[in-house]
Each structure stands twice: as C-alpha cells, then as structure tokens.
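K.L.:
Take a look at the letters that make up each chain.
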Amino acid sequence: MTHAVEIRDLHKYFGDNEVLKGIDFTVEPGQVVCVIGPSGSGKSTLLRCVNMLEVPTKGQVFINGAELTDPDADIDAARRHVGMVFQQFNLFPHLTALQNVMIAQQRVLGRGKNEAEIIARENLNKVGVAEKCDAYPGQLSGGQQQRVAIARALAMNPDLMLFDEPTSALDPELVGDVLTVMRKLAEEGMTMLVVTHEMGFAREVADRVVFMDGGVIVEDGEPSKVIGNPSHERTRTFLHRVLHPEG
Amino acid sequence: MDGRRSGLDAVTHLLTMADTPISAEPARSGLSPRKRRQISLGVQYAVFVAVLVAVAMLADWPKIAENFFNGPVAAGMFPTLFTVALKNTLIFTLAGYAIGFVLGLVLALMRLSSVAPYRVVALVYIEIFRGLPALIIFLLLGFGLPIAFPGFSLPGDVYGTVALALGLVAAAYMAESFRAGIQAVPKGQMEAARSLGMKPTRAMISIILPQAIRIVIPPLTNELILLFKDSSLVFTLGVTAATTELTKFGSDTTIDQANSTPLIVAGATYLLITIPLGIVVRRLEARQGRKR
Ligand SMILES: Nc1ncnc2c1ncn2[C@@H]1O[C@H](COP(=O)(O)OP(=O)(O)OP(=O)(O)O)[C@@H](O)[C@H]1O
Ligand SMILES: [Mg+2]
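Chain order of the listed sequences is A and B.
Position 106 (the first sequence) corresponds to 184 in the working numbering; numbering is contiguous.
Position 281 (the second sequence) corresponds to 285 in the working numbering; numbering is contiguous.
So here's chain A without its partners, still in its complex pose (with noise of 0.2 Å):
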C-alpha cells in the first residue's frame, strides 16, 4: 500500500538555522495525524515542506508514492491533491466567498462556470455557510473566514488536507464551528494532518498524535498514549503547560 504522505530524513535550514533535524514519518490513507509541539519547533515549517511551499533543505517528501523532491516533480499538479489551510484563512479578500472557492476549480482544473459554481455552493454548503455566497471576506467573522477556506481547499478534491493551527487566530467562541467541520471531515475518510493546540481535538480525532521539539519529532503513537500518557519528559512538560496554562 502506498503511504499518502510520506517523509524521509527531511532537513531543512534557513540560512544557518537548521529548523528540522532529520523527520521521517508517514500518513496512511484516511488517517488523521495531529502534530503538536512548542512554538519555534518546526511544525509550520514541516506541513509547508509537505506541499513544497518550503523547499527541503535535504529528504525527500512524497505524496501518493510519487516523489515531490525530484527536481523534475510537477509541484502544481501535486499541490492539485493537496488542500491547505492556513492559520490566517489567506482568503483572497478582492472576491466574495463563492469566487474564492470557485477560482481555482477555474483556473486551475478548467472546470466550467456552473459546474464550478454548483460545487462551490455544494462546499459552503457542507462547513455552514451557505448563506454567505457573496459576502466578501472582510465582511465575515474568523470562523466563516477559515471555514470558506476550508471549502476552497475541498473543492479542488483534495486527496490530503493540511491544516496549519486553524483555530489558533479565532475568537474562543468560534473555535468550535471550525473543530466541528474538521470531525466532520475526519469521520468521512479525509486524511488529514493537523497542526494544533487543541488537545480535545487530537485526543478525540487523531488517529496518531505526532510530538515534535527542537526540530525532531520526539514522540508518535496512539493519542491515549502520546497525550494520556507520554514517555518523553519534553513531552509530558509540554502537555502541562498547554493543559495547565495559569500553573
């Protein structure tokens, strides 16, 4: 069975700041995987080198069996497997909800007017905010903002879904309706790999939960065993700091 992403001894320096020292990891078809970790130690930088938005230093990266990291990859045509979420929604801000999800399914994989349209309203349809079609970004909350994105990605048919700490730039009150349409895509089979600080999540969805810090990963298995139980000492004084913010 081919892995859906796979990562062989990646490396990647920016300047002479070595960010990631060594990753190898896999996702499996219809897996979900939680890569949770402290801020600086390469979480970001690990999920864009997935979809060569950070080129590697060194490693290979590959997506459905076919290599990434070969110099001759098509890199658009593999990014049309990937979706991508972004803490910052990255909403294209000059057209209304239905046009972000309807552009790229356009330009990029030539689908017609309507037929693209009929998925877009197909998509807003499915993360809740249907009735938004010709709002433009600017004028929705965060969680209406980060959940268009969520459709924009999913309208191009994504084999994989990356998410970026999607919840982490909202309002408390709207990280939920995000967490709900991620479940939602979980339980259907979408393989996912998930950076994030919501623990309830990872322990609740993740079918692995993957610590990282200082640019290795320190600790992957089961989220009861990763999260209820860890074997690292980096990671169980991570899990008390997230779980215990005010001790």
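Calculated directly from the structure, the hints in this document are not laboratory data.
Please read these numbers as outputs of a predicted model, since none were measured by experiment.
Even glycine gets a Cβ: it sits at the ideal position worked out from N, Cα and C.
Among the hints, erroneous ones may be present.
[Said to hold, decoys possible] Cβ-Cβ distance ranges computed for the label pairs, FRET-style:
id, chain 1, residue 1, chain 2, residue 2, range
1, B, Ala188, A, Met277, 31 to 39 Å
2, A, Pro149, B, Val110, 28 to 36 Å
3, A, Pro149, B, Ile283, 49 to 57 Å
4, A, Phe92, B, Gly135, 35 to 43 Å
[Said to hold, decoys possible] Keeping only pairs whose Cα atoms sit at most 25 Å apart, straight-line, the calculated SDA-like set for lysine to any residue is:
id, chain 1, residue 1, chain 2, residue 2
5, B, Lys203, A, Glu195
6, A, Lys191, A, Tyr214
7, B, Lys191, A, Gln184
8, A, Lys262, A, His275
9, A, Lys191, B, Lys203
10, B, Lys191, A, Asp152
11, B, Lys191, A, Gln217
12, B, Lys233, B, Ala272
13, B, Lys191, A, Thr147
14, A, Lys303, A, Thr258
15, A, Lys204, A, Thr258
16, B, Lys233, B, Glu289
17, B, Lys191, A, Ser246
18, B, Lys191, A, Leu173
19, A, Lys99, A, Phe140
20, B, Lys203, A, Gln177
21, B, Lys203, A, Arg185
22, B, Lys233, B, Leu98
23, A, Lys191, B, Met194
[Claimed, not checked] Only some residues are given here: those of chain B computed to face chain A with a beta carbon under 7 Å:
id, residue
24, Glu195
25, Ser199
26, Gly201
27, Ser210
28, Gln215
For chain A, the structure is supplied; the task is to place chain B with the ligands on it using the hints.
P.N.:
Okay, now just chain B with the ligands, sitting in the frame of chain A:
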C-alpha cells in the same frame, strides 16, 4: 473654581506656546497668557488686513482686469478651447497613460522577477527615465529620431510621439508604484494561490495584481495628474492648429491678442480637471487609510 480656571489657562497656554514662553505665572510681564494670546492674534489679523488693503489700493485693477481677465478675449477662445485644445490634451494624456500603465506593469514584474538580467534592465530603465527631464525625452523622440532615421515617423505622428514620450516617462514612475503595490499584498495570498495548484503567473494575474492595483489607485491617479500637465511639453515639437493643446493654444492666443487672458483661461481649464482628480485621490487615500 479658581484652581480649575488656572488649569484651563495652562492648557491654552501649552497649545499656544509657539507665541508665548512657557510660564505658569501670568504676572511676569504684567499680562495674562490669555491676554497675550489675544494680542498676538490681533496683530496677525491686522497685518493680513493691512497687506490686503495695500494690494487693493496700489494695484492697477482696471489694467489687471483688461490684461488678465478680459471677457471678450476669453469668449473668443470658445469653443476651440474645448473642442480642440482640451480634447488634444486629453488624448495625449490618456494615450501616454495607457502606454505608461502597460510598460510600468511589465517593468514592475521584471523588477520582481527571479531572473537577474530582467531585474537589472528594469532598474536601469527606471533610474534613467525617472532622472531625466521629460523635455529631453520629448526632444529625443521628436527631433532625435527623425534626424537619425530620415523619413521615420512614429505611428500617429505627433500623437504617437507625444503618447510614447509621456508613456516612457510615466512607466518609470508607475513601475515603482506597481512594485510597491505588489509587495504590499500579504505573502499568504501567493501561498494560498500556489497551494491550490496555481502556477506563479496565474496566481499573479488572478490573485496578486487585482489586489495590488487597488492599492496603487491613488498614486496612479496622481501620475495621471502629472501627465496631464506634462502633455504641455508637446509645444516643443511644433504643433499645428489641429494638434494644438491647452498650453500651446493659450500662449498662441495670448501672443495673437497681445493679452494674457488666454493663459489664465488655459490654466483654469487644467485646474478644472486636476482639482477634482486631486480630491478623488485624497478621498481614496482616506478610505484606504481607514481600512488599514
Ligand atoms: N521563512 C523563514 N525564514 C527564516 N526563519 C524561519 C522562517 N520560517 C520559520 N523560521 C524559523 O523556523 C523555526 C520554526 O518555525 P515554525 O514556524 O516551523 O515553528 P512552529 O512550530 O510552527 O511554531 P508556532 O507554534 O509558533 O507556529 C522558528 O525558529 C522560525 O523563526
Ligand atoms: Mg506554526
């Protein structure tokens, strides 16, 4: 009550400290700060009125009216003022603007290109054309080219020459505006577009440029005002009655009539266009300022 009063005085005092030394004791020069402020204001108004009166009395009003605001002379400029002069000025300006817009956009993209020679070429172009007086470009195109290549003429003749000269100059300024606009679009926009599988060119056209152009509308409108005025340089190329524009028409008529009214009228016609455009720019800038 007394305490509050002097507190207030101290505030007015601070606000007007330009004309009075800071001091908490009103008694030092025998005058209270408020009194001194009133005197200062009074003096300023008195000077203003005195100058006004002097100008009004010393100026030879009938002569001024006769030479600069002469009704019949002004009336004689219509309708040619609008049907030929203003029309040509607008044609020169808009044609030059169109060329400048396209060339400026291309230069901006070259400036941001990952291909080093493109960046160098664009930078050299921008530095040269921003640094030269527009007049030199006009003369080079209008006389330099025909002398070097006899029989050669740009399409559209004078119109073509002026449009190209204005466009070449405007492109350098507009390129810098476009570049700033493109760079002002958050990095996440390009990343989101790329993550959806868009190629860099597609992302630039569909996602980045539409936002960048909105950002640079105020400076680009300013550039339109500048071009509108620079179009007067066409007079150096020797225009005919059919291709005359506002400045040339004004100066020709002034010489014809031995009266300066036509220059005033031509000037007023420029303002008719530039002042509203200026107001639009300020509105747009204020709106963008609020959005940030
Ligand atoms: N484009 C960049 N240029 C230089 N350094 C970078 C760049 N992006 C990230 N870094 C550095 O790499 C390190 C890891 O950053 P990364 O964003 O991957 O961390 P993170 O685990 O996602 O943290 P956070 O939880 O704060 O998002 C940090 O020290 C950061 O300063
Ligand atoms: Mg991050």
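K.L.:
Now look at each hint and say whether the structure bears it out.
P.N.:
The hints, checked one at a time:
no. : hint                              : in the structure
1   : Ala188(B) x Met277(A): 31 to 39 Å : 38 Å, holds
2   : Pro149(A) x Val110(B): 28 to 36 Å : 30 Å, holds
3   : Pro149(A) x Ile283(B): 49 to 57 Å : 55 Å, holds
4   : Phe92(A) x Gly135(B): 35 to 43 Å  : 37 Å, holds
5   : Lys203(B) x Glu195(A)             : 22 Å, holds
6   : Lys191(A) x Tyr214(A)             : 19 Å, holds
7   : Lys191(B) x Gln184(A)             : 23 Å, holds
8   : Lys262(A) x His275(A)             : 19 Å, holds
9   : Lys191(A) x Lys203(B)             : 20 Å, holds
10  : Lys191(B) x Asp152(A)             : 22 Å, holds
11  : Lys191(B) x Gln217(A)             : 21 Å, holds
12  : Lys233(B) x Ala272(B)             : 12 Å, holds
13  : Lys191(B) x Thr147(A)             : 23 Å, holds
14  : Lys303(A) x Thr258(A)             : 24 Å, holds
15  : Lys204(A) x Thr258(A)             : 11 Å, holds
16  : Lys233(B) x Glu289(B)             : 22 Å, holds
17  : Lys191(B) x Ser246(A)             : 19 Å, holds
18  : Lys191(B) x Leu173(A)             : 17 Å, holds
19  : Lys99(A) x Phe140(A)              : 18 Å, holds
20  : Lys203(B) x Gln177(A)             : 18 Å, holds
21  : Lys203(B) x Arg185(A)             : 10 Å, holds
22  : Lys233(B) x Leu98(B)              : 12 Å, holds
23  : Lys191(A) x Met194(B)             : 23 Å, holds
24  : Glu195                            : 6 Å, holds
25  : Ser199                            : 4 Å, holds
26  : Gly201                            : 4 Å, holds
27  : Ser210                            : 6 Å, holds
28  : Gln215                            : 5 Å, holds
Checked against the numbered hints given earlier, this structure breaks none of them.
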